[in-house]
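Colleague: Residue-level listing of the chains:
Number of protein chains: 2
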Amino acid sequence: MRQEWLAFIGSLRKGSYNRALFDVFSGMAPADVVWHEAEIRALPFYNPDMAPPPEADHFWQQVRSADALVFFTPEYNGSIPAVLKNAIDWASRDPQGSPLVGKPAVVLGASQGLFGTLRSQLHLRQILSFVGMELVQRPEVLVSEAHLKLEPRGQLNDPVAVRLMKTLAQNLYERVGRMLAV
Amino acid sequence: MRQEWLAFIGSLRKGSYNRALFDVFSGMAPADVVWHEAEIRALPFYNPDMAPPPEADHFWQQVRSADALVFFTPEYNGSIPAVLKNAIDWASRDPQGSPLVGKPAVVLGASQGLFGTLRSQLHLRQILSFVGMELVQRPEVLVSEAHLKLEPRGQLNDPVAVRLMKTLAQNLYERVGRMLAV
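Protein chains in written order, with the working numbering: chain H, 1 to 182; chain A, 1 to 182.
One chain only, chain H, in its complex shape:
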């Protein structure tokens, strides 16, 4: 059955390792998965005083219609980038009610360091749990020393990570499939 997956790419860098990781992961999803990329960089800082701009309406529409959210996070100063936190805060404030509650999600991350976004993933998983998402927690995907392993346009020279990512894609696909079948 067709599934819509929405990718959140936490780095705005053109040569981002997390964008490259998305390129790899998107090729691993089953054929009836349709990918979209969440448009998060044009969202202003969340401010309850502000009338939601058109970018927020568009973004809410994207999140609502997704069957699953897939987060690719770098690690900035031991936590997630602001652009990612801001997107989650906007998503949770959808005036139609938070579309995050009960929606499946997974987290992946790549960094140049030896710990591969360990700290930022801990924060992100806490935040996603708080907003009520159904996290598919296993396997964990933490790509360390990304500059040695990830090539632009979807090549990952790390057989263990490749295997884990395939399993994660399958696990998410099955979780969403069970929800859609109900």
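The set of hints was computed from the structure by calculation and includes no laboratory data.
Accuracy of the hints is not assured; some may be wrong.
Chain copies aren't distinguished; within one or between two, either way the pair holds.
Unchecked claim - Once the Cα atoms are required to be at most 25 Å apart in a straight line, the calculated SDA-like pairs of lysine to any residue come out as:
1) K14 x A42
2) K14 x E55
3) K14 x A51
4) K166 x H147
5) K14 x P44
Model, not experiment: these values are computed from the prediction.
Assemble the complex: chain H is given as a structure, and chain A must be docked to it using the hints.
Modeller: Same frame as chain H, now just chain A:
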């Protein structure tokens, strides 16, 4: 001795409880403390590809010349607001070297909930430790049920919190004083 303290106010709301908390706290600092407010809302999302805008230069100058940073954080979805994380990420990337390393800092927070920014303070304290700030950790200031206690323009109807805040201001003042005396 004159000290320059730089306030980071994590909520952009006009009627923000954390801005009201700043109004209260700023009145508690010793007379030779000069307050400034960090200009963080005009900073774009941090992006290493981007040439730093004038707002970043101005902000770096503010952080460099501060003797201490004072963070007022709300709690959004169990963590800190994006505008605060973004400011910390910009600050740490000052091309002259991070001005955060070794600089004293304190954290305060107010929220309408019963736990008074407990979760966001945990994340914020981890991030500030990561960037090498010298956190004055005690006493903790978590103002719960802020809508019942905080009035605009600097009135806090919570004698315990008032006492803790006075102690925190004094502890920060002494910590900075010792550093400036060396």
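Colleague: Please flag the earlier hints that this structure goes against, numbers listed from lowest up.
Modeller: none
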